[in-house]
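Peer 1: In case you want the letters, here they are:
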Amino acid sequence: MNQQPTADSGMIIDPRLPVPLQIDRSWLDDLTGRLDKGGPWGDYRLSRLALEGEKSRLVTSFEELQCLKHLGALSPLPHQTETARRVLFEMSGRAILADEVGLGKTIEAGLILKEYIVRGLVSKVLILVPASLVLQWVRELNSKFGIPAVAQKKAYSWGNDIVVASMDTAKRDPHQEILLNEEYDMLIIDEAHKLKNKKTSNYQFIQKLRKKYCLLLTATPVQNDLSELFNLITLLKPGQLGGQGQFAANFVVDKRKPKNQDQLKDELSKVMIRNRRGEGEVKFTKRTVRNVDLRLSPEEQSLYDGVTSFVKDQYQAAGGNLSSMLSLVTLQREVCSSRDAVFVTLVNLSKKLPEDSPLRDKIWELVYLIKAIKANTKAEKAIELIQQMNEKVIVFTEYRATQEYLLNYFRDHGLISVPYRGGMNRGKKDWMMDLFRGNAQVMIATEAGGEGINLQFCHHMINFDLPWNPMRVEQRIGRVHRLGQTNDVKIYNLSTSGTIEEHILNLLHEKINMFEMVIGGLDVILERFEKKESIEKSLYKIMLESGNDDEIRQRISTLGESIHHIKQDIELESTAGETLREEEA
Amino acid sequence: MTMTPQEVQQHFMAYLEATECTVIEKSPEHVTVKLSPQADKMLTNRPYYWGFVERTGAPAETLSFNFVFDPENYDERLAKTKEAEAKSQLAAPAQDPLLARFYGNAPVLPILGPGRIQRENIGYGSSRLAQIWNASREEGKCVYLFQQRDMEPRPRGRSTPYEQWLGVCFKVEFSCDLKREELFFLGISLSSRTIAQDFPACLEGRDLTPRLPESVHVRPAVLTLQQAAAALENHLIDKLSKLDYDWAAQARERLEEELLVIDGYYEDLLKEQDEEKKTLIEEQYKNRRSEMQWQYEPKVSLSVITCGLFHLCSPVSAPS
Numbered sequence: 001m002n003q004q005p006t007a008d009s010g011m012i013i014d015p016r017l018p019v020p021l022q023i024d025r026s027w028l029d030d031l032t033g034r035l036d037k038g039g040p041w042g043d044y045r046l047s048r049l050a051l052e053g054e055k056s057r058l059v060t061s062f063e064e065l066q067c068l069k070h071l072g073a074l075s076p077l078p079h080q081t082e083t084a085r086r087v088l089f090e091m092s093g094r095a096i097l098a099d100e101v102g103l104g105k106t107i108e109a110g111l112i113l114k115e116y117i118v119r120g121l122v123s124k125v126l127i128l129v130p131a132s133l134v135l136q137w138v139r140e141l142n143s144k145f146g147i148p149a150v151a152q153k154k155a156y157s158w159g160n161d162i163v164v165a166s167m168d169t170a171k172r173d174p175h176q177e178i179l180l181n182e183e184y185d186m187l188i189i190d191e192a193h194k195l196k197n198k199k200t201s202n203y204q205f206i207q208k209l210r211k212k213y214c215l216l217l218t219a220t221p222v223q224n225d226l227s228e229l230f231n232l233i234t235l236l237k238p239g240q241l242g243g244q245g246q247f248a249a250n251f252v253v254d255k256r257k258p259k260n261q262d263q264l265k266d267e268l269s270k271v272m273i274r275n276r277r278g279e280g281e282v283k284f285t286k287r288t289v290r291n292v293d294l295r296l297s298p299e300e301q302s303l304y305d306g307v308t309s310f311v312k313d314q315y316q317a318a319g320g321n322l323s324s325m326l327s328l329v330t331l332q333r334e335v336c337s338s339r340d341a342v343f344v345t346l347v348n349l350s351k352k353l354p355e356d357s358p359l360r361d362k363i364w365e366l367v368y369l370i371k372a373i374k375a376n377t378k379a380e381k382a383i384e385l386i387q388q389m390n391e392k393v394i395v396f397t398e399y400r401a402t403q404e405y406l407l408n409y410f411r412d413h414g415l416i417s418v419p420y421r422g423g424m425n426r427g428k429k430d431w432m433m434d435l436f437r438g439n440a441q442v443m444i445a446t447e448a449g450g451e452g453i454n455l456q457f458c459h460h461m462i463n464f465d466l467p468w469n470p471m472r473v474e475q476r477i478g479r480v481h482r483l484g485q486t487n488d489v490k491i492y493n494l495s496t497s498g499t500i501e502e503h504i505l506n507l508l509h510e511k512i513n514m515f516e517m518v519i520g521g522l523d524v525i526l527e528r529f530e531k532k533e534s535i536e537k538s539l540y541k542i543m544l545e546s547g548n549d550d551e552i553r554q555r556i557s558t559l560g561e562s563i564h565h566i567k568q569d570i571e572l573e574s575t576a577g578e579t580l581r582e583e584e585a
Numbered sequence: 001m002t003m004t005p006q007e008v009q010q011h012f013m014a015y016l017e018a019t020e021c022t023v024i025e026k027s028p029e030h031v032t033v034k035l036s037p038q039a040d041k042m043l044t045n046r047p048y049y050w051g052f053v054e055r056t057g058a059p060a061e062t063l064s065f066n067f068v069f070d071p072e073n074y075d076e077r078l079a080k081t082k083e084a085e086a087k088s089q090l091a092a093p094a095q096d097p098l099l100a101r102f103y104g105n106a107p108v109l110p111i112l113g114p115g116r117i118q119r120e121n122i123g124y125g126s127s128r129l130a131q132i133w134n135a136s137r138e139e140g141k142c143v144y145l146f147q148q149r150d151m152e153p154r155p156r157g158r159s160t161p162y163e164q165w166l167g168v169c170f171k172v173e174f175s176c177d178l179k180r181e182e183l184f185f186l187g188i189s190l191s192s193r194t195i196a197q198d199f200p201a202c203l204e205g206r207d208l209t210p211r212l213p214e215s216v217h218v219r220p221a222v223l224t225l226q227q228a229a230a231a232l233e234n235h236l237i238d239k240l241s242k243l244d245y246d247w248a249a250q251a252r253e254r255l256e257e258e259l260l261v262i263d264g265y266y267e268d269l270l271k272e273q274d275e276e277k278k279t280l281i282e283e284q285y286k287n288r289r290s291e292m293q294w295q296y297e298p299k300v301s302l303s304v305i306t307c308g309l310f311h312l313c314s315p316v317s318a319p320s
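Going down the list, the sequences are from chains A and B. UniProt numbering applies: residue 1 is where the first sequence begins, and numbers increase by one. UniProt numbering applies: residue 1 is where the second sequence begins, and numbers increase by one.
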């Protein structure tokens, strides 16, 4: 389809028409061939059916979205349709889609792609996304848009018409050469802000790819420097903002501060669309958070104390060697979750030790403490909460043992629950989702990341325990609190006072205020923070090194402060750059 | 133009009927059908299976489908019958405790394997419908038909004269960075050179069959097929030349603007002193320009949806 006009592609110049003409005459050969052989002849009913079908699919107008009627179950939001319309009819199919996180850039890209396919303007498509999102893209295009995309697996996969692949694979040999020899009707790049530096091999590779239409998707078109934006636009439409020198002279005061904003805005609006949260119809429902403070039962408390002193002893014995100690802090976290979780880890720990190690006895002492525990304080509270809600609930835990324990515990109390975990294969995950949508009141999940868990039909969430990585907390919430959620989302955090859990909750809730923060932005904050060290590791360090509770509290508070500073910095920059990123109303 | 579930169903039924599929069950909301080998080959994408059947002569087992056109009402009806069944069958089978340990309180496993009838919801945009249209186009693209004569008795020995028409449905695509399409179904008489603008209207009311009726003769053709085809093409281009080409002018304007922008951008860069760098930039510049032309250059393409030879007896009143 739509080959590039070259001398040998059968273009005819007819003096009667002002444009070149391309005629496919293969039908005549077909007809004469059949006449010579006396058949076979087609069925007239089928011929008429084909004609009817063709009529109904006919693109009768240059400027009218056709794809919407082909979409069946999906009904895009007004801002998404409007974005698609503008990219198609005002930007000629080359654009940066820079909506804020969670507004459905994928849907917009899907709409645009679908429209071009329906119109027969696009058949060969390359979609480059981060490796972890490849399957999600394939699934969304297939299920929501009926676009037969495939994930790239082997070199021969490139032969398919619509291929989704990771950038890292695509730019490697032998793939790169194959791709550079192709011509793509459409190129889509997700997380395009990774192309901000024009010296990188990624950037140069994309620049060399031959493409007709091109979409760049990014929520953060400017992360550090205005020249990043210039580079992105140069990939799409070189010269749109003038040359590099002109751009710097006309629009840049400081690397993060634009000048001649109105003019810049004007130029940008020709190649970039940025929809913002809280604008127009896009409204997210509210999040309400309730922290449920619990006190460990005396048996649980003595186990916690036992484990804590065990961890401290070990840490001191190891001479402050951090890396081998990480699993020990996990022990403390596990006690706060369930005795099952801590039991599994203890047993594994003792298996690794030599037979005569004195540590084994210590571990067995702890196991006896476990045996004394008859009830799980948190589980009892969870059931109480669930029964009060009397609606669908998703319960998140970090530990598989806790998950299994809860499955049994809930069943014994007459609640129907299903598990969900990362290790399940696709089919099983989908099955669990179906069950949760159907009869099951509760889903107990150990995994929040990855694809496919969209739980808009559920608006209660219990954090049975909390991950130490704020991103993962955000992912958990994002499963429920997303576009399409019609109810306010209620989040319950179960935390046991006097344990490390209390400190973590304090950091996440009070310091980062992450439960009420609007979605998005967190990734940028963390990226900057973690330039030094991952936040999880910092926390582990604090837990191990601090002598007492007060010290922990103090150090966590410092950590919270520094995150807070980064957040403020970013907010400041973005108000400066706002006018720049902003679309005209 | 979109289609109602009823129209979609009509199209489906027309296809299933024409390909001789066996309908197992049918309601206004759905149809359960066992495909014929012909339909199975076209629809299920199992070339290896059919290759195997053809080479070994094994009896072919075609697939069955449950196509649902109105899922809402269908599910409602299904739920009602299920409820009624559940009432009659009080005790549900007990949970398997072992399975429950791993899967939670899950219901009994679904039925898999042969004998399973796959359900598919069919709406206007579903790929299955597009597939049926494409299959129809493939299998119905060349027809050879005769008009069935009226039953009135004719004097013995006098045969009826038939006129041979070449009917072609052209699809015309007007494209630049955007696109519009139009269909032209034209017909031309091989004996009188008459051209019919709206050929389907000429066919209306006539019974067409692939079988040659008795005692007829076909008027001698004065045009070869090639000449007829060329005449139709010529006629069509004439028609096209009378259309509005503002869209093409606008596309060329857009292209000019874009080219100016990149010319400006590369002008400075091409002053590069380093020869090696310069060739790279030149190449980039050339590529970018040709991408633009590819994207915007207006053109018209003609292709054919369906064509055929139609033998018609009574005179054709064709406004030409």
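Since the hints were derived computationally from the structure, they do not count as laboratory data. Check before you lean on any hint, since a few could be wrong.
In silico lysine-lysine, DSSO-like type, Cα no more than 27 Å apart, as pairs [claimed, not checked]: (1) 171(B) x 124(A); (2) 198(A) x 277(B); (3) 124(A) x 34(B); (4) 278(B) x 198(A); (5) 171(B) x 271(B); (6) 511(A) x 351(A); (7) 299(B) x 239(B); (8) 171(B) x 199(A); (9) 171(A) x 299(B); (10) 277(B) x 171(A); (11) 55(A) x 82(B); (12) 80(B) x 198(A); (13) 34(B) x 80(B); (14) 567(A) x 286(A); (15) 299(B) x 194(A); (16) 286(B) x 124(A); (17) 55(A) x 278(B); (18) 144(A) x 242(B); (19) 55(A) x 299(B); (20) 208(A) x 278(B); (21) 286(B) x 208(A); (22) 271(B) x 198(A); (23) 511(A) x 537(A); (24) 428(A) x 82(B); (25) 371(A) x 381(A); (26) 69(A) x 179(B).
Partial list, derived from the structure: chain A residues whose beta carbon lies under 10 Å from chain B [stated by the list, open to error]: (27) 21; (28) 24; (29) 35; (30) 45; (31) 57; (32) 70; (33) 116; (34) 148; (35) 150; (36) 237; (37) 249; (38) 364; (39) 368; (40) 557.
Just so it is clear, CB atoms sit at the ideal spot from N, CA and C, and this is done for glycine as well.
Peer 1: Which hints from the list above does the structure break, by number from lowest to highest?
Peer 2: Structure breaks hints 3, 5, 6, 8, 9, 11, 12, 15, 17, 18, 35, 37, 38, 39 and 40.
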